[in-house]
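So the sequences go chain by chain: A and B. Under this note's numbering, the first sequence has 218 at position 218, and the numbering climbs by one with no breaks. Under this note's numbering, the second sequence has 1068 at position 68, and the numbering climbs by one with no breaks.
Don't take each hint at face value.
BS3-like cross-link-like pairs, simulated, lysine-lysine; straight-line CA separation at most 25 Å [to be verified]:
hint, chain 1, residue 1, chain 2, residue 2
1, B, 1339, B, 1202
2, B, 1344, A, 88
3, B, 1202, B, 1332
4, A, 194, A, 88
5, A, 121, B, 1202
6, A, 125, A, 52
7, A, 194, A, 168
8, B, 1202, A, 125
9, B, 1202, A, 88
10, B, 1332, B, 1347
11, B, 1344, B, 1332
12, A, 52, A, 121
No lab work stands behind these hints: they were computed from the structure. Every value quoted in this text rests on a predicted model; they were computed, and no experiment measured them.
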Amino acid sequence: MLTIVFTSIAYASILALGCAAITLWYASTRVFNFAHASLVSWGFYITYIFYKLFGLSPYLFMPIATIATGLIGIAIYVSVIRRLIRAKASEITLMMVTLGVDFILFAFLNMVIDYFANVYKWDIKNVNIVLTDPTILTVANTPIKGVHIVAPLTALLFLVSIHMFLNKTNIGIAMRASIENPELASILGIDIDKIYTLAWMIGGALAGLSGGLLTMVMQGTSSIGSDLIVLYFAGSIVGGLQSILGGLFGGLLVGLSERLIPYYLSSVFPWIYSYRFAIPLVMLVATLLLYPKGLAGLVERRWR
Amino acid sequence: MALETGLQYILLNIALNFGIYLILTLSLNIEVGFTGIPEFGRLTAALVGSIAVGAIIGRVAAALAGLPTGNEFISYNAPITTQINAYLSSHAIISIALLILSILTAALLGALIGLLTALPAIRLRESYLGITLLSFGEILRTIMYNYPDVIGGTLGIAAPSFFGFAGSYENIISLSFIFLMALFCYFIAERISRSPLGRVMKAVRDSELASQVYGRDIMIVRVYAIMIGSAMAALAGALYSIYTKSVRADVFTRYSWTFLPWAYMMLGGVGNNLGVALGVLILSSARSIISVYKYEISQVIPVDPVWLEYILIGMVIILLTLFRPQGLLPEKPVATISKKELEKIRKEVLQPAKQ
Chain A
1 MLTIVFTSIA YASILALGCA AITLWYASTR VFNFAHASLV SWGFYITYIF YKLFGLSPYL
61 FMPIATIATG LIGIAIYVSV IRRLIRAKAS EITLMMVTLG VDFILFAFLN MVIDYFANVY
121 KWDIKNVNIV LTDPTILTVA NTPIKGVHIV APLTALLFLV SIHMFLNKTN IGIAMRASIE
181 NPELASILGI DIDKIYTLAW MIGGALAGLS GGLLTMVMQG TSSIGSDLIV LYFAGSIVGG
241 LQSILGGLFG GLLVGLSERL IPYYLSSVFP WIYSYRFAIP LVMLVATLLL YPKGLAGLVE
301 RRWR
Chain B
1001 MALETGLQYI LLNIALNFGI YLILTLSLNI EVGFTGIPEF GRLTAALVGS IAVGAIIGRV
1061 AAALAGLPTG NEFISYNAPI TTQINAYLSS HAIISIALLI LSILTAALLG ALIGLLTALP
1121 AIRLRESYLG ITLLSFGEIL RTIMYNYPDV IGGTLGIAAP SFFGFAGSYE NIISLSFIFL
1181 MALFCYFIAE RISRSPLGRV MKAVRDSELA SQVYGRDIMI VRVYAIMIGS AMAALAGALY
1241 SIYTKSVRAD VFTRYSWTFL PWAYMMLGGV GNNLGVALGV LILSSARSII SVYKYEISQV
1301 IPVDPVWLEY ILIGMVIILL TLFRPQGLLP EKPVATISKK ELEKIRKEVL QPAKQ
């Protein structure tokens, strides 16, 4: 019972990090990033491959995954997105181009996986290292795993640091300015291009971190990112796509509902587990149709 | 002989891919190219078309053959389908009637699902609309994959073989039928593009405000576009199920039934039917060749050719958006009447001016 709650919280925190990334990309550059899927998969597999190579704890290699996907994020922005934003491409064009990027990243990830499968003879196609997560302590006969502490803590740490970053540092304030009004910000001498690059780096890093942490809560293949991408989309849309904090809480809400609603309803409707995946999608559609501003809209007034 | 059968296999593969994807991409072109709706949920209608064949016409065929249509239809699907096929192959007229009926049912249900998805979502803007349509598709697929009573859930069901009476020519006839339908869809898409409806669609795409000023209800135009497009996509799904003789929810992935047609359309030329046909021909042939020569390619390049296909599609999308967003054949203003008649009218108009 308690395990379900803890795992749900960990899972929801992991989703929340990814949702924050999607929100950050959309708020800054108007890109609804499909490549998020492959970035998550890359984070997932980088963590796993390093763990397999060096042993030790998978947590040690999540920072590597984070940095690597952050760099991929910069590469995507510099090579493709920047050009299109300057050419004033439509949102749909931007969306489609990230889809192309996603296919390429996915293909390269699979080539890497094939390499390790063929040369090192690893059973890498389906990764399951959930059980390597150490039990930290036991509360009321419920073992508390490392991820039950690390994932919510990471999300909380991110929440605090992004809040500090956006409100206390010059570059953070510049980022908020360029999100709210790019023209005005550039008149004030803010280098929008640099801000956007930073946004793509943070987004990529968050996606990779989310993928790295996923190794501790679920098994997966190279398509783990594209399996989950609609959930990430759902979380960020429920959050409102306006503020990063909204995305974070949207992801939390979606993740918790996806895990806990079926759990509590399963005694009444035993079939509900199979349709678990539809819950976030229904939340997404409901948000868009009923209150498109999302969670960010609820607290909008307080922020201004 | 070995080479000949190999060649025949490739040609069959290319023809199947070309036929199905031409219909699918033309349907996408009506929505995206003509009307500017970001249809990221193409699989919804295609899956509905497949359901129409498997779940509805399959049961009708079972009822005609005097077989059970209830739960037994799903749980003993394989033996029941064998009996249906035996019945159909000896009754050619009934098979053809059922074939026509399944095409009509698929198109009708496709239009209906188009309407159902359009009504709530159509007022949303760009990305939001795209994501909503994508989610509808995922919701339908999740339900169909887990709910066994319609199309068998995870196991899927078999579609009756309507061309069983043709014996060993079955595949060829089935393929020719797909081609015929593709030609028909091309004709319809061209006809729409030249019709007043097509011109209004393009006006809505180019400027919603301007078309509203001229008294057009843009919502109705967009709903029409989605309904026509979805009916056509359902046809593609139905034809695919008829050819492969199976109905499975997990076949209808985002990649093959939504994103690939997008890539084909972008390569050929958004808004141009001929361009779409060209794009489908190039990329579907490339895909077929990669999948057929899998082994030979992996001997030269030490990677699984499946990933090469992803890279190819990804590169096509990226390079086109960056360097040639209008596609290979850019959209041209369509002439509503033939050139000959235009010349005639021009002369008639100009004649009095000369005198």
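Hint check:
1. Annotation: proposed proximity of residue 1339 of chain B to residue 1202 of chain B holds, straight-line Cα distance about 22 Å (limit 25 Å).
2. For the suggested pair residue 1344 of chain B and residue 88 of chain A, the alpha carbons sit about 43 Å apart, so the restraint of at most 25 Å is broken.
3. Taking the CA atoms of residue 1202 of chain B and residue 1332 of chain B, the gap is near 12 Å; set against the 25 Å cutoff, the hint holds.
4. With a CA separation close to 18 Å, the supplied pair residue 194 of chain A and residue 88 of chain A stays within the 25 Å bound.
5. In summary, the hint linking residue 121 of chain A to residue 1202 of chain B is not supported, as the alpha carbons are separated by about 55 Å, beyond the 25 Å threshold.
6. A distance of roughly 13 Å separates the Cα atoms of residue 125 of chain A and residue 52 of chain A; the hinted pair therefore holds under the 25 Å criterion.
7. For the given pair, residue 194 of chain A sits about 18 Å from residue 168 of chain A by alpha-carbon distance, which is consistent with the 25 Å threshold.
8. Between the alpha carbons of residue 1202 of chain B and residue 125 of chain A the distance comes to roughly 46 Å, so the proposed pair goes past 25 Å and is violated.
9. Our distance criterion of 25 Å between C-alpha atoms is met by residue 1202 of chain B and residue 88 of chain A, whose separation comes to about 21 Å.
10. The hinted pair formed by residue 1332 of chain B and residue 1347 of chain B meets the criterion: a straight-line CA distance of about 24 Å does not exceed 25 Å.
11. For the given pair, residue 1344 of chain B sits about 22 Å from residue 1332 of chain B by alpha-carbon distance, which is consistent with the 25 Å threshold.
12. Our distance criterion of 25 Å between C-alpha atoms is met by residue 52 of chain A and residue 121 of chain A, whose separation comes to about 12 Å.
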